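**Q** What follows is the residue order along each chain.
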Amino acid sequence: MKIKQLIEKIEGEAELDFTFKNGKIEDVQINFGFYRGIEDILVGKDPRDALVITPRVCGICNHAHLLASVRALENGYENSGIKVKISSKANDIREFTLACELIQNHTKWFYMTILPQLEKLLKEQSGENYALKASYLSSKITKALAIFAGQWPHSSYAVPGGVTCDPTYVDVMQAQSLIDESIRFFEQIITKVPFEEYLAQDSLNSLHEIGGDFGRVLYLMGMNNMAQMGYSYDRFIVFGTCMFSQPGKSMATTVSNVDVSYVEETLQKGSVAKAVNYKQKLYEVGPLARAMVAKEPLIKSLHKRYKDSLITRVFARVHEIALLLDYSKNLLNNLVLDEPSCTLPNEIPLTEFEGVGVVEAARGSLIHKTSVKEGKIENYEIIVPTQWNLSNGNVQEKGIASKAMIGSLTTHEAEFIFKAFDVCSVCTTQ
Amino acid sequence: MKKPKLLWLQSITCNGNTHSFLNHPELFSILSHFELLYHPVLETAHSLEDLNAKRLTCDILILEGSFKKNGVKKLGIEVLDVVEYYAKEAKHIITAGTCATFGGMFKTYDPENISGFCYDEEEQTSRYEMYASKLISLPGCPIHPKWLSYVLMMLVYDKKIPLDTMHRPQELYNITVHTGCSRNEYFEWKVDTKGFGLKEGCLFYEQGCQGPYTRGSCNKILWNDVSSKTIVGTPCFGCTEPTFPKTALFSTKTNMGIPAKMPLGVPRRAYLTATGIAKSFKIKRFEERIITYED
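From first to last, the protein sequence lines are chains R and W.
If you read the first sequence in numbering that gives the first Met the number 0, its first letter stands for residue 0, the second for the next number, and so on.
If you read the second sequence in numbering that gives the first Met the number 0, its first letter stands for residue 0, the second for the next number, and so on.
To be clear, the hints were calculated from the coordinates, so they are not data collected in a lab.
A few of these clues could be false.
Said to hold, decoys possible - Straight-line distance between alpha carbons at most 20 Å, and here's what the computed EDC-like set of lysine to aspartate or glutamate pairs gives:
| no. | chain 1 | residue 1 | chain 2 | residue 2 |
| --- | --- | --- | --- | --- |
| 1 | W | 245 | R | 77 |
| 2 | R | 44 | W | 25 |
| 3 | R | 119 | W | 48 |
| 4 | W | 198 | R | 91 |
| 5 | W | 252 | R | 373 |
| 6 | R | 44 | W | 199 |
| 7 | R | 375 | R | 77 |
| 8 | W | 53 | R | 7 |
| 9 | W | 198 | R | 264 |
| 10 | R | 132 | W | 25 |
Just so you know, these numbers come straight off a predicted model, no measurement behind them.
All chains, full assembly: derive it from the sequences and hints.
**A** See the structure below:
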């Protein structure tokens, strides 16, 4: 039996084609709609125009695209012999604003997708307006971001050599108080656990103390066998030098090195999204992957018991909010303002170069590749995290999310498993 | 009083306008004045399938994204077909963002076939005549959440919204991004910035800032309630204009050392005269750093 279902409100839409056999899902094809042509739009443009054009790939992770594109330029300059040494101030500000975007994303996903969808699936509706909470925190955290980046969405404040802003300690204090407010929200609304105590957890034993909205999600998931569903291949990959870890891949209990040059994109029949693999194998990317590669104690402990199940995947993303808040607070505390914001001149006399930029975006590793000839972009490639998680796989293997949905009894359950990957349709159909 | 019915529809978009609006600190107070029929990410009573069935009626239609006649389908139905149905129904149409208004970023992929709803850059589309009487243009990439919210509230309270020739509210678009910029003194005295990453100096002369000839209130009603591109030293890219996006956005095009494009409405002769006078003085304060952190 085949069932076609449109999934809405996931940064655009996706169509899932389910095949049922003996009352269970046997196969799922994931299809995305309209191709918007950002990679083609970039061709022939001034190389730095990518800093303005690529954020427009996505309304929710635009800042990650900006940072991937600036890193691609800087990498290209370096490949052509220009030394790029950005100040630790500029680096920390970039890290801070990226962390803010991730917090914004994860909070919206938790309150606008996971909580309402879970309640709907289990018919446990509380009637609460969760979007109000999402909007409260995301408006605070993007305000902190905008103090440095000017605005969110669609800032272009990162330029080769650093950042355009020149903040004062008054600005830093304003951002600090917004981070404190966000931490207070995490303590009092999301977990009902003092922040320091939350961060100190390193094993499953203390999880029952988590209350608040996260506690409710964990309780509902636990009561409904969600620690025993949604398994994928238990293979993870990280390419960005991110806040908590270096690049690497995690399989079974081993973490090993990766090289971005082995990443391969392939066309998919019937979908405008390209698939992507690493040495012919599929990998899961995102917060769970980052935690597995970094051997984050609490997530490792959860994973030891529940593997890459639905509950582990959901937990890792919410948990990352805490790690990001702690990280951003430290970044601001240690920010030294008397370093230069930007160490390169406006005009760089380079007309030919190739560069790769990698960033850990909300949904996982984001890769930009630029090649420039005669002062213009000749080719630009964008590989987004969703391509890793939501491809339809290859001849050997089904895709990561498809695999996780297989075995589900209903399309509603499968839809929830699908959404737990934090699906972004617009990124996938650049 | 019956709440006006609000419908938010998307075509070819990045969702940036949706997320910009979600940042509004008073989002739900604003929305409490409306019955929200459909929204791209907020929970609503209706689904895309309900919309496609064309049985709903709406009072205010918000459009996001650029439009293509054929080939942009949701559930097998052309988006433009559904949009036009509700556009005929609606009392007001708001094109939210530059894509929906003029075509914007996504138009550049297929300029022949992709445009805004009523404008194709500066030209009126064939739909213009039909909808002009109820059209409000709110360009910006993305839309500023407060500009949209204040226009929505003006509709609720039945306030007069004076529009310019391209249907943009004059209160928001009859000033330039330059208005209120924290670097205005440097512009007045023609002191350019020494490079990116400095709070001193104007970005109009070398860094490509389009603020002086771009319509919008970015430096009057700040972004995320706190800042703007030019405040943090990023040039204005003219994202509210029908010509967005231009190319070579980080450098100023010049003629004989003078910016090729003049501030809005300023004759070149007037600009050159004022510049000549300003530049004949060297003012110490504008050559110095505002803050020094050394002991």
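**Q** Of all the hints given earlier, name the ones this structure violates by number, lowest first.
**A** 1, 2, 6 and 9
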